[in-house]
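Chains as they are written, first to last, in this note's numbering: chain A, -12 to 301; chain B, 376 to 651.
Please note that a few of the clues may not be correct.
[Claimed, not checked] Simulated restraints on C-beta separations:
1) A:G290 <-> B:H579: 45 to 51 Å
2) A:A271 <-> B:R383: 40 to 46 Å
3) B:H579 <-> A:G268: 22 to 28 Å
4) B:R538 <-> A:G290: 53 to 59 Å
5) A:V245 <-> B:I575: 29 to 35 Å
6) B:T591 <-> A:V186: 39 to 45 Å
7) A:P252 <-> B:S625: 47 to 53 Å
8) A:G268 <-> B:S625: 41 to 47 Å
9) B:H444 <-> A:G290: 28 to 34 Å
10) A:S157 <-> B:Y585: 47 to 53 Å
11) A:L191 <-> B:E395: 31 to 37 Å
12) B:Y585 <-> A:M152: 41 to 47 Å
13) A:G268 <-> B:G405: 28 to 34 Å
14) B:S515 <-> A:L249: 36 to 42 Å
[Unchecked claim] List time: in silico SDA-like cross-link candidates among lysine to any residue, alpha-carbon distance up to 20 Å:
15) A:K203 <-> B:G403
16) A:K226 <-> B:R400
17) A:K226 <-> B:E395
In case anyone wonders, no lab produced these hints; they're calculated from the structure. We put the CB at the ideal spot given by N, CA and C, even for glycine.
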Amino acid sequence: MNGVLVTGATTPLGIELICELIADEAVDSVLAVGAERADRTPRLPPTDKLRYLARDLTRARDIRDLLFSEARELGVRTIVHAAHHRATDEGKKVHRLNVESTRLLLELAERHPTIERFVFRSHADVYQVDHDQPTFIEETHPLRIAARMPQWVRDRVEADVTVCMRMGMSELSIAVLRCSEVFAPNVGSQLHDYLQSRVCFRPLGFDPMLQLMAPKDAVTALHLAVTGDAEGVFNIPGKDVLPLSRAIEEAGRRAVAVPGPLLTPLYGARRFALGTQFRYGLNAWRFHFGGILDGRRAEEVLGYEPSHWVSWEG
Amino acid sequence: MFPTSLARFLLGETQHRHLEQLTVRDAGFGHDELGLNADMVRASAAVLAPMYRHYFRVSGHGTENLPRHGAAILAANHSGTLPFDGALIYLNVLAHTTPPRVVRPIGDLFIPRLPFISTLFSRLGVAAGSRGNVRHLLESGELLLIFPEGTPGIGKPYSERYRLRPFRGGHAELAIRHRVPVIPVGVVGAEEAMAQLTRIDALHPFGAPYLPVPATPFPLPTRVRVHYGEALTLHEGLPPEAADDPSVVSEAAARVQTAVQGLLDEGLRTRAGVFT
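Turn these sequences into a full structure, and let the hints guide you.
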């Protein structure tokens, strides 16, 4: 019995991953978990292989029930934990979803009768990008651990470290996939939101290299991690490596370079007026200094290589 | 991007055609992962050609020692208050390798903080000297340019010209670990181009270790000669782990320093004068 539990099932990535898992003969069943009610998830394919459950992962009781009732009944062997708060809101509830749910899922999975593997979708944002750090980022690169970091970053780092700490101590086989920014709508991409404006302000005198990833590649990497047994931390790079100015050009936007200190108030005003998600404070480092994931380990151990270009439309 | 006719005029027909053969590893949008862009290299070579050919009248000696392919490290003396020597070696290597190779100068860690300069340098292939970047470049088969003296090389007083500051061991460590040859490089002429009057140690613009005060507002038109020595295989007979042994590394670095000093001494002995 090879069942897979996928959290974050109603996100665009989650839906694509579930479709791939359903098509995979090695997977017997998929238990999809999302925040939305079942009747609001029309994009999930109707098949006996899939069971969808609406659960609030910020509630410990929901997680406990999920694992020790439905997941046990289905004989879930692998958890793919890909649920995280996509908006840049802050607060306790956000922290509970991003960090506490991860901690609890892992803890419960360790004493679960059928779960053997835990795949965690992490982010390249956990890495420190700065002038004195390598542009080419390996898995051993320093993380952005600092109290001054916004919660959006701190949560991602804490969740990542929470999972990494159990490696070698847990009986679970654990894989952490630190993915490049997935460039698509509704996946929490800061750059995608940034490029929605006709005019994109960028820091004067800086044009760093960015790396972006097509959703399809992220799904491929997660699928490989589910079906394989590789353990450890893996950088999952995207195929698109380009300067910020070129990204703006590819998106058909107009770049205007302004002195760096003006960008925080400019984008703060945009956020306030239009309710957009892009926060310059979250991106200031990578808008000055390049950061490219080194995917050699993922290629050698997982067999992952980026193969899809991002779509610049929409 | 840069007018072809102007590039041809500045570079001359032969060099222009030579640089048309230039290619870089393309990560997908005309740049490599660290930002190197072939068009920017050609444009910069054209813009700097008058300075290179007519002002400093740069010549290359022992250019047959430049590797045509594969990873290697050029280890050069550093001189001249502002690092013009790096640009001159860069252009000299471009001119004397076929197809033209872009040497990847390894710069100080404060360079990425400099507006405009950081972007320009990144397009030309300069990489900040963190271990990760350097390792990546060597594993990608690139030709690195390292100044083992570091900033003290360009920060020394005029009276101590052509007396090398102690070589740091990073280049030797890399050469042993990655099994790549080191080509010693001696630059003669840059030392006199821009002497340092004094330096203000209390000022650190953009994280630079000090603010140099040159004796002249612009570099003098000295004739610059770049001497390339025979490749040193520092890794010969050593396992890669020997790179962790400080005594092995410092001994290897001393070998390189001796070779560079030899090239400088020979270059100084054979040159007719500073400006001729």
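**OP:** Could you tell me whether the CB distance from G268 (chain A) to G405 (chain B) stays inside 28 to 34 Å?
**Re:** 30 Å, holds
Original post:
Within a Cα-Cα threshold of 20 Å, do K226 (chain A) and E395 (chain B) meet the stated pairing?
Top reply: Roughly 27 Å separates the two Cα atoms, so the pair is violated.
Original post:
Range hint 22 to 28 Å: satisfied by the CB atoms of H579 (chain B) and G268 (chain A)?
Top reply: Holds, at about 25 Å.
Original post:
Between V245 (chain A) and I575 (chain B), does the beta-carbon spacing fit 29 to 35 Å?
Top reply: Check passed, 31 Å falls within 29 to 35 Å.
Original post:
CB of L191 (chain A) to CB of E395 (chain B), is that within 31 to 37 Å?
Top reply: Roughly 33 Å apart at Cβ, these two residues keep to the hinted range, so it holds.
Subject >> Assessment of proposed distance window 45 to 51 Å (beta carbons of G290 (chain A), H579 (chain B)) >> reply: 47 Å, holds
**OP:** May I ask you to test the hint 39 to 45 Å on the CB atoms belonging to T591 (chain B) and V186 (chain A)?
**Re:** Holds - the Cβ-Cβ distance for T591 (chain B) and V186 (chain A), about 44 Å, lies within 39 to 45 Å.
Original post:
Should the hint that R538 (chain B) and G290 (chain A) are 53 to 59 Å apart at their CB atoms be regarded as holding?
Top reply: Check passed, 54 Å falls within 53 to 59 Å.
Subject >> Agreement of K226 (chain A) and R400 (chain B) with the hint, judged by alpha carbon distance not exceeding 20 Å >> reply: The given pair, whose Cα atoms are some 14 Å apart, holds under the 20 Å limit.
Subject >> Hint check for S625 (chain B) and G268 (chain A) - Cβ pair distance inside 41 to 47 Å >> reply: 44 Å, holds
Subject >> Cβ distance range 40 to 46 Å for A271 (chain A) and R383 (chain B), holds or violated >> reply: 42 Å, holds
Original post:
Given the proposed pairing of K203 (chain A) with G403 (chain B), does the C-alpha separation stay at or below 20 Å?
Top reply: Measuring from Cα to Cα gives roughly 18 Å; hence the hint holds.
Comparing the model with each numbered hint stated earlier shows that hint 17 is the single one that does not hold.
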